[in-house]
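Keeping their order, the protein sequence lines are chains A and B. Position 70 (the first sequence) corresponds to 70 in the working numbering; numbering is contiguous. Position 62 (the second sequence) corresponds to 62 in the working numbering; numbering is contiguous.
It should be emphasised that the hints constitute simulated quantities derived from the structure, not laboratory data. For every residue, glycine included, the Cβ atom is placed at its ideal position computed from N, Cα and C. Misleading hints may appear alongside valid ones.
On the chain A side, residues computed to face chain B include the following (Cβ under 7 angstroms) [what the hints assert, rightly or not]: (1) GLY42; (2) PHE65; (3) PRO70; (4) GLY72; (5) PHE74; (6) ASP86; (7) ALA88; (8) PHE103; (9) GLY106; (10) THR110.
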Amino acid sequence: DTGVSQNPRHKITKRGQNVTFRCDPISEHNRLYWYRQTLGQGPEFLTYFQNEAQLEKSRLLSDRFSAERPKGSFSTLEIQRTEQGDSAMYLCASSLEAYEQYFGPGTRLTVT
Amino acid sequence: AQSVTQPDIHITVSEGASLELRCNYSYGATPYLFWYVQSPGQGLQLLLKYFSGDTLVQGIKGFEAEFKRSQSSFNLRKPSVHWSDAAEYFCAVASSNDYKLSFGAGTTVTVRA
């Protein structure tokens, strides 16, 4: 069990650029979640997958955000035309069915 | 929709002293409750969870929490803190439908020597 991994750990981009983050869940975990955490706040739910199906998207997830989980393994989160307000820590978590979620170290995005 | 309130933004405690972090939740049905800890630059680590049964739950690192339905609370305690317990602590609640977590704003714990 190597835990949840996320890449990159840090990303600095200019406003208007597209960015993509990757999350590798714990093997055999069929649920995968994305959260966003801004400074001084708790994480906020963005979206989650059960296997390859995206089952729910938060209203926080604007049309510029898209997430995929092909083949029910790793997941990617893409942000198009980044804005300064997108600067945050993006956290990925995985779980086996409905049990507790295990979090990765996060990807810190800075939009300049 | 469920929500969590952590009334204390910052707590300072002496090493060896006891610690209690407050958490109040709002949810119509029986909640699933969690405490996570986050060290600087790190992801969240699960300390303990409550799903059902005994209302006093034990977790890792010597932490425990008590679920009190009448008070809608799930407070975290540790009898004697260590300097390594300095971190940010998050309480979270999940519904039984989809298990997505709703977090409180967190409590930062500082441990003084």
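So, going through the hints one by one against the coordinates:
no. : hint   : verdict
1   : GLY42  : 3 angstroms, holds
2   : PHE65  : 16 angstroms, violated
3   : PRO70  : 21 angstroms, violated
4   : GLY72  : 17 angstroms, violated
5   : PHE74  : 17 angstroms, violated
6   : ASP86  : 19 angstroms, violated
7   : ALA88  : 14 angstroms, violated
8   : PHE103 : 4 angstroms, holds
9   : GLY106 : 5 angstroms, holds
10  : THR110 : 14 angstroms, violated
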